[in-house]
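Letter by letter, the chains look like this.
Protein chains: 2
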Amino acid sequence: MSDQNLSLGLYYIKANFRGDIKMIYLDNAATTYPKPDEVYEAVMDSMKHYGANPGRSGHKLALQAGRIIYETRELIAKFFNIDDPMNVVFTYNATDALNLAIKGVLNSGDHVITSSMEHNSILRPLKALEKIGVETTIVECDEDGNINLEDIEKSIRPNTKLIVTTHASNVTGTIFPIKHIGQIAKENDIIYIVDAAQTAGVYDIDVKDMNIDILVFPGHKSLLGPQGIGGLCIREGLEIRSIREGGTGSSSESLIQPDMLPDKFESGTPNTPGIAGLYAGIKYILDRGIENIRKHEQHLTEYFISELKKIEEVKIYGPCDVKKHAPVVSINIGEEDSSEIAYVLDNVYDIGVRPGIHCAPLAHKTIGTFEQGTVRFSIGPFTTKEDIDKTIEAIKQIVDEI
Amino acid sequence: MSDQNLSLGLYYIKANFRGDIKMIYLDNAATTYPKPDEVYEAVMDSMKHYGANPGRSGHKLALQAGRIIYETRELIAKFFNIDDPMNVVFTYNATDALNLAIKGVLNSGDHVITSSMEHNSILRPLKALEKIGVETTIVECDEDGNINLEDIEKSIRPNTKLIVTTHASNVTGTIFPIKHIGQIAKENDIIYIVDAAQTAGVYDIDVKDMNIDILVFPGHKSLLGPQGIGGLCIREGLEIRSIREGGTGSSSESLIQPDMLPDKFESGTPNTPGIAGLYAGIKYILDRGIENIRKHEQHLTEYFISELKKIEEVKIYGPCDVKKHAPVVSINIGEEDSSEIAYVLDNVYDIGVRPGIHCAPLAHKTIGTFEQGTVRFSIGPFTTKEDIDKTIEAIKQIVDEI
Numbered sequence: 005m006s007d008q009n010l011s012l013g014l015y016y017i018k019a020n021f022r023g024d025i026k027m028i029y030l031d032n033a034a035t036t037y038p039k040p041d042e043v044y045e046a047v048m049d050s051m052k053h054y055g056a057n058p059g060r061s062g063h064k065l066a067l068q069a070g071r072i073i074y075e076t077r078e079l080i081a082k083f084f085n086i087d088d089p090m091n092v093v094f095t096y097n098a099t100d101a102l103n104l105a106i107k108g109v110l111n112s113g114d115h116v117i118t119s120s121m122e123h124n125s126i127l128r129p130l131k132a133l134e135k136i137g138v139e140t141t142i143v144e145c146d147e148d149g150n151i152n153l154e155d156i157e158k159s160i161r162p163n164t165k166l167i168v169t170t171h172a173s174n175v176t177g178t179i180f181p182i183k184h185i186g187q188i189a190k191e192n193d194i195i196y197i198v199d200a201a202q203t204a205g206v207y208d209i210d211v212k213d214m215n216i217d218i219l220v221f222p223g224h225k226s227l228l229g230p231q232g233i234g235g236l237c238i239r240e241g242l243e244i245r246s247i248r249e250g251g252t253g254s255s256s257e258s259l260i261q262p263d264m265l266p267d268k269f270e271s272g273t274p275n276t277p278g279i280a281g282l283y284a285g286i287k288y289i290l291d292r293g294i295e296n297i298r299k300h301e302q303h304l305t306e307y308f309i310s311e312l313k314k315i316e317e318v319k320i321y322g323p324c325d326v327k328k329h330a331p332v333v334s335i336n337i338g339e340e341d342s343s344e345i346a347y348v349l350d351n352v353y354d355i356g357v358r359p360g361i362h363c364a365p366l367a368h369k370t371i372g373t374f375e376q377g378t379v380r381f382s383i384g385p386f387t388t389k390e391d392i393d394k395t396i397e398a399i400k401q402i403v404d405e406i
Numbered sequence: 005m006s007d008q009n010l011s012l013g014l015y016y017i018k019a020n021f022r023g024d025i026k027m028i029y030l031d032n033a034a035t036t037y038p039k040p041d042e043v044y045e046a047v048m049d050s051m052k053h054y055g056a057n058p059g060r061s062g063h064k065l066a067l068q069a070g071r072i073i074y075e076t077r078e079l080i081a082k083f084f085n086i087d088d089p090m091n092v093v094f095t096y097n098a099t100d101a102l103n104l105a106i107k108g109v110l111n112s113g114d115h116v117i118t119s120s121m122e123h124n125s126i127l128r129p130l131k132a133l134e135k136i137g138v139e140t141t142i143v144e145c146d147e148d149g150n151i152n153l154e155d156i157e158k159s160i161r162p163n164t165k166l167i168v169t170t171h172a173s174n175v176t177g178t179i180f181p182i183k184h185i186g187q188i189a190k191e192n193d194i195i196y197i198v199d200a201a202q203t204a205g206v207y208d209i210d211v212k213d214m215n216i217d218i219l220v221f222p223g224h225k226s227l228l229g230p231q232g233i234g235g236l237c238i239r240e241g242l243e244i245r246s247i248r249e250g251g252t253g254s255s256s257e258s259l260i261q262p263d264m265l266p267d268k269f270e271s272g273t274p275n276t277p278g279i280a281g282l283y284a285g286i287k288y289i290l291d292r293g294i295e296n297i298r299k300h301e302q303h304l305t306e307y308f309i310s311e312l313k314k315i316e317e318v319k320i321y322g323p324c325d326v327k328k329h330a331p332v333v334s335i336n337i338g339e340e341d342s343s344e345i346a347y348v349l350d351n352v353y354d355i356g357v358r359p360g361i362h363c364a365p366l367a368h369k370t371i372g373t374f375e376q377g378t379v380r381f382s383i384g385p386f387t388t389k390e391d392i393d394k395t396i397e398a399i400k401q402i403v404d405e406i
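Which chain is which? The protein sequence lines are A and B, in order.
Take 5 as the starting number for the first sequence in my numbering and just add one per residue.
Take 5 as the starting number for the second sequence in my numbering and just add one per residue.
Warning: the hint list may mix true and false statements.
Which copy? The list can't say, so a pair holds if one copy fits it or any two copies do.
[Claimed, not checked] In silico lysine to any residue, SDA-like type, Cα no more than 20 Å apart, as pairs: (1) Lys-319 with Arg-71; (2) Lys-299 with Ala-81; (3) Lys-183 with Gly-293; (4) Lys-328 with Asn-150; (5) Lys-165 with Asp-114; (6) Lys-394 with His-115; (7) Lys-135 with Glu-243.
Honestly, the hints are just simulated from the structure, not real lab data.
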């Protein structure tokens, strides 16, 4: 890329920074954008019309806030096939939920199995737990990001308490066989935590059928809610510790954190507008049909990959079969730094993507891109074929200019 | 109260539950409501126009999200007199921030001093820490909720690592002499954490002048932001542990949580719309003038207390001097259960208050209301004299009917 283009880019960013930005947004794996209008409306309705504290005061506005939260629990319970909505717990984000799940389960001397395709939201808590004597085995995946079930089985020890994996890689989109992993966990009396950050809202997840003990989801990705809300579903009867104590609006006379769900894990004022927005997001998915959204995203992913394959200089990572692939496509152009490509896509072509390591360092070691990173394009429910065509065109022009 | 009124109340709640509710809202100590219009607009603007992930991808929308977050840090740093905005950390809510502060500081064998007026957001984490060998001294306050500085000094032991207190009680409004407590902490080389849940946004807080090591604030109370955001300000150089690790968008190549602030304590996607709303809330406070808001709330509190004093059957708790009193007024009517009074206020008079223990059990033991609870009226920046007059009238009618 010439210096001229970089300067052009800088000029462009200055000229447009505070304006009403219209871009081709292909960063849905970070946060889906835009949201359905109903989501904006639900957040606003919550703030304007019942902006009180749920589960505390008992007056009409507080009850109404409590009601939308309960209704959202019900919707999520149905969505993931959970009997009791009280086993749905809301948190700040998926990272908060993963910390609760992982630290709530593991004790000194326990062994945990995870994979080399995980996000730092799993790897960093496990690293921190090393200090209290938790042992971790990281199962190496192949260069497309696939995990081998036998490698998991071989890693099991007498003190293995937990298996924790993603449902799909945030780098390559590679989908893990979570039902089979759940089966292995169940047969060996091991707890299984699934990080559904890249799949909840697009792929069918049935926690019972898949033997998932704890399912973690972000609100702001494919469930189409706003940022600031995430959560987890905890299997009935599974005992985990709280990691955040405080006021719950229940058993207020006691200094001891209540043991009942969801209160045990929901201290302090919850994000009611965020939960109301999440409700609207999930309703949108149900109305449009999760299968229709999945087909839409898979179709565009397939088309994008097929067009990318025609460009010789482009290297595509991960399994190129959309059946094994969440709508996340990581590429590189020759040996170019991924950040530079992303910079040009943004500033010259108004295409928003994410470059670099994507908070998943071992995944990049696994696929061989630890130094270069990758340029990640992630497709959402509002991405269009025109967006993909323009993106392909931009990539071709960049390839020509290098 | 007659059964007839209770039935009337139930009928009323059914008839109005989903309607456009207009009530006299006196539950601002739980969540301020309504918010300034600018807050609603800022949340919507964030979601609609730059709903991307801050600090990650680097494209225009992500940069804009990152910018509003940084600007909010700057505003908060200025508001509480902190030099470096990077020492302002965002969390889910104040409870999340208190857990981080308390657990980030204390180790097995440490001693901590707190008061009997604290919220469960302090008492329950301390109770949980007993299990790892943290010792707690709870300083008893007088029946108005005042703390005696000498009692704090007398409680100091060689292993006292921390003093943690509220700035003002959420039950009686009693204001603590935090500057003096900070002085004691400093002289004895003890860390001081202040829970400003009831004061941030109404009372001047200068962390340097007051010797506060960690200041915890909720976003959704007097700072006028939405629910789902809180935070803490950490004194430069103070080392505390992370309690939530994960992706930070920084040092992504490393499995170890980065040590720099604020990233060390901000794993996962933040609540950008919530932070944008908080920015607008603080801007509103600065524009209207924190002193003007305080005078408004103090004036109404003073008026409310003076009118309450004329009703013989009403018992008012806490110091009735508004100079020693956040705009929170707890009362009881004779021996009536606080929940019943609140129920009638809501359902017959459309006045929203909070009854019960308010997640502060020891405060109620201190003021002698552990069984009865109190009816808490909390005034906000949009409360009017007319609201107070109607509330006084309602209380008089209830007193007459009992």
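Structure-based check of all given hints:
1. Taking the shortest Cα distances, Lys-319 and Arg-71 never come within 20 Å of each other, neither inside one copy (50 Å) nor across copies (33 Å).
2. For the homomeric pair Lys-299 and Ala-81, neither the shortest alpha-carbon distance inside one copy (23 Å) nor that between copies (47 Å) is at most 20 Å.
3. With identical chains, the CA atoms of Lys-183 and Gly-293 are never at most 20 Å apart, being 22 Å at best within one copy and 58 Å at best between copies.
4. In this assembly of identical chains, Lys-328 and Asn-150 lie within 20 Å of each other by CA distance solely inside one copy; the values are 9 Å within and 64 Å between copies.
5. Only within a single protomer do Lys-165 and Asp-114 lie at most 20 Å apart by alpha-carbon distance; the minimum there is 6 Å, versus 31 Å between protomers.
6. With identical chains, the CA atoms of Lys-394 and His-115 are never at most 20 Å apart, being 48 Å at best within one copy and 62 Å at best between copies.
7. Taking CA atoms no more than 20 Å apart as the test, Lys-135 paired with Glu-243 passes between copies only; the shortest distance there is 17 Å, against 23 Å inside one copy.
Of the numbered hints given earlier, the model fails hints 1, 2, 3 and 6; all others are met.
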